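Colleague: These are the residues of each chain, in order.
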Amino acid sequence: MNDRAWVATRKGLIELRRRAGAWQVARASFVGDPVSMVLPPDAGGRMFAALNLGHFGVKMHRSDDAGETWQEVAAPAFPPQPEGAPGPAWKVSMVWAMERAGRDLCAGTLPGGLFRSTDGAGSWQLDEALWNRPERPAWNGGGYDVPGIHSISALADGTMLVGVSCGGAWVTRDAGASWAQTAHGMRAEYMPPDQAFDPGIQDPHAIVRCAAQPDVLWCQHHNGIFRSTNGGAWWTELHAPLSSFGFAVAAHPVDPQTAWFVPAVKDQCRVPVERALAVNRTRDGGATFETLRAGLPQQDCYDLVYRHSLAVADDGSTLMMGSTTGGVWASGDAGDHWTALEARLPPIHAVRFG
Amino acid sequence: MPHVAFTSQLQRFTQTPAFHTSAATLREALEEAFERNPRLRHYVLDEQGHLRQHVVVFIGARRAVDRVALTDPLAPGDEVHVLQALTGG
Chain A
1 MNDRAWVATR KGLIELRRRA GAWQVARASF VGDPVSMVLP PDAGGRMFAA LNLGHFGVKM
61 HRSDDAGETW QEVAAPAFPP QPEGAPGPAW KVSMVWAMER AGRDLCAGTL PGGLFRSTDG
121 AGSWQLDEAL WNRPERPAWN GGGYDVPGIH SISALADGTM LVGVSCGGAW VTRDAGASWA
181 QTAHGMRAEY MPPDQAFDPG IQDPHAIVRC AAQPDVLWCQ HHNGIFRSTN GGAWWTELHA
241 PLSSFGFAVA AHPVDPQTAW FVPAVKDQCR VPVERALAVN RTRDGGATFE TLRAGLPQQD
301 CYDLVYRHSL AVADDGSTLM MGSTTGGVWA SGDAGDHWTA LEARLPPIHA VRFG
Chain B
1 MPHVAFTSQL QRFTQTPAFH TSAATLREAL EEAFERNPRL RHYVLDEQGH LRQHVVVFIG
61 ARRAVDRVAL TDPLAPGDEV HVLQALTGG
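Just so you know, the protein sequences line up as chains A and B, in that order.
Residue numbers for the first sequence follow my numbering, beginning at 1 and rising by one.
Residue numbers for the second sequence follow my numbering, beginning at 1 and rising by one.
Next comes chain A alone, as it looks inside the complex (with noise of 0.2 Å):
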């Protein structure tokens, strides 16, 4: 679905419609509460909203009628932690991605939990053949005091593709029996330089795949953006304008040449570069990048677009942005032109079409 996004926020979940070409605010849910993800509606309504309640834990919430109602259901939550485990505490802190796989949902947490349910959250399993790696305890936080899994990426064969900040990407492709690394090729500018190439270091921002050509993957990382046209198997470091640094990053989802960024200055600086809001769009794969600006502001501008907060629906044209500071910006163009919602929203955690 093209004309209608949700936006997930600090303090709610708002529904967006598009009317005569034009962004409006249509509906706002668990208005107060901080919404950190949400799964739009599958073809029968039903979808998921993942709060994350200050003081009471992180919640999970299901719609059968397209966000009309709510009913609570089933948060993941690890099994009892075993005295003297190595790692972070056994708690979710967050739940930090969300995805279908096949029939299934799954569930990316804060520290570094993937969860399966099979019953649309009336339960959760979590995977224990990822969660067990020996290298997982050794995962480091990005950005949060533990690490975790922020990009699931889930293909009919069984295969899946993690992204995990910081513990590079994994990927699965016996539905979650076994996984490997699979973050070579990616560069950690943050580590010792004989580190900097070490697959389980890397903080891959957020990882997405081109859905007609599901070889290739973008990556926004840390320090740079990467492309892989093997699944995964290896990343090439490709060089954008103003900045590869950043977090958000849109795959187009029929042309596996064509991927959106937003920069930013870097990590010590999470600003626009020089206060100017703009994205970069390649149509060639990486080679070449366009830097849009037609209609974002351009001047005096604080705006970071996190890491699940650019999204491009279906129609591979429509796109639409969200910032840590509640700015909205939707393109009916693929970026060549944006208008910005009236309302002003809080901050940001994600947009999603659908």
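Not one of these hints is a red herring.
Which bits of chain B does chain A cover? Going by a derived footprint, with three or more residues having C-beta under 8 Å, they are:
1. 9-21
2. 31-43
3. 52-66
4. 82-88
Derived from the structure by calculation, the hints contain no laboratory data.
A quick note: this is a predicted structure, and the numbers were derived from the prediction, not measured.
Note that the Cβ used here is the ideal one computed from N, Cα and C, for glycine as well.
With chain A held as given, fit chain B onto it using these hints.
Modeller: Frame of chain A; chain B shown alone:
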């Protein structure tokens, strides 16, 4: 008998009627509350059974200190308040 009451903030999410209890420890008192309303458990405790990081419990004028096993003793007449901690925003 000790008396247990919950922050009104929780009533946005689930039912939390106050009650009197013969429980001897905070753990026993909370388990009684969860028997009355199973949904309440994961608002107050995390999945390891520990008091949530940003939940605080007062037993009379003193703050409960055992946030893991919840062994703080209760005495007849104690007022137990389960509250949100300001650390949670």
